[in-house]
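Enquirer: Chain by chain, the residues run as shown.
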Amino acid sequence: MSDYLHDFFDMPSDLQHSWIGLVGLHLREALLPVVAGLLLALPIAQLCVRFRWLYPPVLGITTVLYAVPSLAFFVVLINYTGQTELTVMIPLAVYSLVVLVPAIVDGVRSVPPETLSAATAMGFGPVRRYFQVQLPIAVPAIIAGLRVATVSSISLVSVGMLIGNQGALGNLLHDAQIYNRPELTWNSVITTALLAILVDALLVLVRVLLTPWMPSGTAGRKQAPALKDAAR
Amino acid sequence: MAKSLRQPEGPGVLIRIDSVTKRYPDGTVAVDRLSLEIPDRSITVLVGPSGCGKTTTLRMINRMVDPSEGTILLDGEDIQRQPVTTLRRSMGYVIQNAGLFQHRTIVDNIATVPRMLGWGKQKARARAAELMERVGLDAALAKRYPYQLSGGQQQRVGVARALAADPPVLLMDEPFSAVDPVVRKGLQDELLRIQDELGKTIIFVTHDIDEAIKLGTMVAVMRTGGHLAQYAPPAELLSSPADAFVEDFLGGDRGIRRLSFFPSARLELTSDPVIPLDATAEQIAAPDAPYLLVTDPNGRPLGWSEPRDLVAGDIRPERLLSYGRPFVPGTDSLRAALDCAVLSPAGWAVAVDTGGRVTGVVSQQTIGEAIRSAHAAGRDDEKVAG
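These protein sequences, in sequence, are chains A and B.
Be aware that the first sequence starts at 5, since it is given in the working numbering, and climbs by one per residue.
Be aware that the second sequence starts at 15, since it is given in the working numbering, and climbs by one per residue.
The following block holds chain A by itself, in its conformation from the complex (with noise of 0.2 Å):
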């Protein structure tokens, strides 16, 4: 059994990281491409809720990108940034915007008009409202957005693998198939659940401490119409 656990996580010395390192690159290559896809997003959401004709044009694009097989983007991007961990980031990035710009558009858009009349009756400027009053009131959307971008770009890192060993945990399918090692399959599948589990859960956490203004009964109701349209 210890042999079993000790062979579990060793890691062949190609990948040239340890089990926790692999672990940490991961969460990075992972993680890094939707607070990029985030701050890409919402501006471009807010240009959206100001003008209506953008937003579906936008999804449509934001849709057609993410077709695009992560491999096409690969051969691209190689001839500009190499092998690296960047080549992997960017279409995660980009992918993670189907899913974050509807999510804040309706977020922003689901603050009742009544609210935003009070706002702007009150003397509230466009730039005060939207960070003090939209923005607020959107959180919920917009970390059920994240929740989904997370996961997906978490389960995506591994396609790395592909590009001169840029999958992180992915990498350990590739090596189990050459060191002919099934325990790294299995350790690289359930690494990788456990993260996109435990990342999900501290989202989870985060929108509960940003929302103490929420009725708890109807959290997930809220959330349904951002996911929903995110599947769209």
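No lab work stands behind these hints: they were computed from the structure.
For clarity, every value in this text was computed on a predicted model and none was experimentally measured.
The reader is advised that the hints may include incorrect statements.
[To be verified] Sample of chain B residues with no beta-carbon within 12 Å of chain A, all distances over it, derived: (1) R30; (2) E83; (3) T85; (4) D187; (5) R237; (6) Y245; (7) R268; (8) P321; (9) L324; (10) G370; (11) T380; (12) I385; (13) R386.
[Stated by the list, open to error] Computed spacing ranges between beta-carbons, pair by pair: (14) K199/B <-> P116/A: 19 to 27 Å; (15) E91/B <-> P60/A: 43 to 51 Å; (16) L58/A <-> Q94/B: 26 to 34 Å; (17) G90/B <-> L58/A: 43 to 51 Å; (18) P116/A <-> G84/B: 27 to 35 Å; (19) P219/A <-> K199/B: 23 to 31 Å; (20) P219/A <-> V196/B: 50 to 58 Å; (21) G28/A <-> A140/B: 48 to 56 Å; (22) L69/A <-> E91/B: 52 to 60 Å; (23) L209/A <-> V196/B: 53 to 61 Å; (24) F135/A <-> E91/B: 28 to 36 Å; (25) D310/B <-> P116/A: 47 to 55 Å; (26) F55/A <-> L131/B: 29 to 37 Å; (27) L69/A <-> L131/B: 56 to 64 Å.
Positions of the beta carbon are idealized from the N, C-alpha and C atoms, including for glycine.
Given chain A, put chain B in place with the hints provided.
Expert: Showing chain B alone in chain A's frame:
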């Protein structure tokens, strides 16, 4: 409630709407050459069916909508001449469903405008606590979030929030439409009480003519297409509607409703037919009245009875006839007095003091005479005014 007795303090016009038109790009005219002088320190109600431009008019006063033509003067100065956020922070705004910030606590909701005006956190919160008390909210609600409050409580928070920076003007857009009738009545009474204390210039939009008549010092009736149909005090609206539209909009019972504006203080009361529960045979026989009102040892009314059904020493309260709903002379109007007389099988109204003790009774006939003389006085007033 004889609210017409409230006089706006001091003359002066705070808001003047001068031939204002709002035309939308598609050609729809929401407001058509509207001119109104809104007296200060009083409640002016804009009332009319949907699409009459009442909300648009209100929103032009704080520049949420800009007029296509015409000007709006605030204390003699064009509202276009100051920064729009400054203008808005000097006007409280209350809307349907309150429009509270769901992500902020009650106390922070109320403190919103003071905070924007740069007050310190402590001062703004102290002010919010003071306002919660003024609008009748329990201090324990301060740290709650809007979803934890009832609709009526939320609306009170909305009023408190609008009053927070002590603005001279209060704009209210159908604030009480979404709450049930009992809560609405409470909020209306509260608004009148607050207004008595604070003397704001309030512009109040509603589609409910009864609300307009109850709250308004002046009432502007608007009709579809943004035309002003009539602008008058509510009593005048009821007695002489300008045209068929206004008459129709006012609905039935105009005569009865107008009685709300006549005080009952001058009704001549008699206590002859009032006898105590332990009345003697002489006390029962003495009054020359078809019905007697029996009171309990505290002087509160128990019910009416014909004298021949009463046995001295054995008057049973449960066998007495209903006395309807008594009125309080000086507080209630002639309408309440008449209502009480009509409800009572004896045809007499029971007058009580604020403690509910009988101060006398008055017959339908006497009330009828009071109505006739009030009408006569009303006509004289109109002649003088005209």
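Enquirer: Please go over all the hints and tell whether each is borne out by the structure.
Expert: Hint check:
no. : hint                          : result
1   : R30                           : 21 Å, holds
2   : E83                           : 23 Å, holds
3   : T85                           : 20 Å, holds
4   : D187                          : 8 Å, violated
5   : R237                          : 25 Å, holds
6   : Y245                          : 24 Å, holds
7   : R268                          : 34 Å, holds
8   : P321                          : 61 Å, holds
9   : L324                          : 60 Å, holds
10  : G370                          : 41 Å, holds
11  : T380                          : 50 Å, holds
12  : I385                          : 43 Å, holds
13  : R386                          : 48 Å, holds
14  : K199/B <-> P116/A: 19 to 27 Å : 26 Å, holds
15  : E91/B <-> P60/A: 43 to 51 Å   : 45 Å, holds
16  : L58/A <-> Q94/B: 26 to 34 Å   : 31 Å, holds
17  : G90/B <-> L58/A: 43 to 51 Å   : 44 Å, holds
18  : P116/A <-> G84/B: 27 to 35 Å  : 31 Å, holds
19  : P219/A <-> K199/B: 23 to 31 Å : 28 Å, holds
20  : P219/A <-> V196/B: 50 to 58 Å : 25 Å, violated
21  : G28/A <-> A140/B: 48 to 56 Å  : 50 Å, holds
22  : L69/A <-> E91/B: 52 to 60 Å   : 54 Å, holds
23  : L209/A <-> V196/B: 53 to 61 Å : 42 Å, violated
24  : F135/A <-> E91/B: 28 to 36 Å  : 32 Å, holds
25  : D310/B <-> P116/A: 47 to 55 Å : 52 Å, holds
26  : F55/A <-> L131/B: 29 to 37 Å  : 32 Å, holds
27  : L69/A <-> L131/B: 56 to 64 Å  : 46 Å, violated
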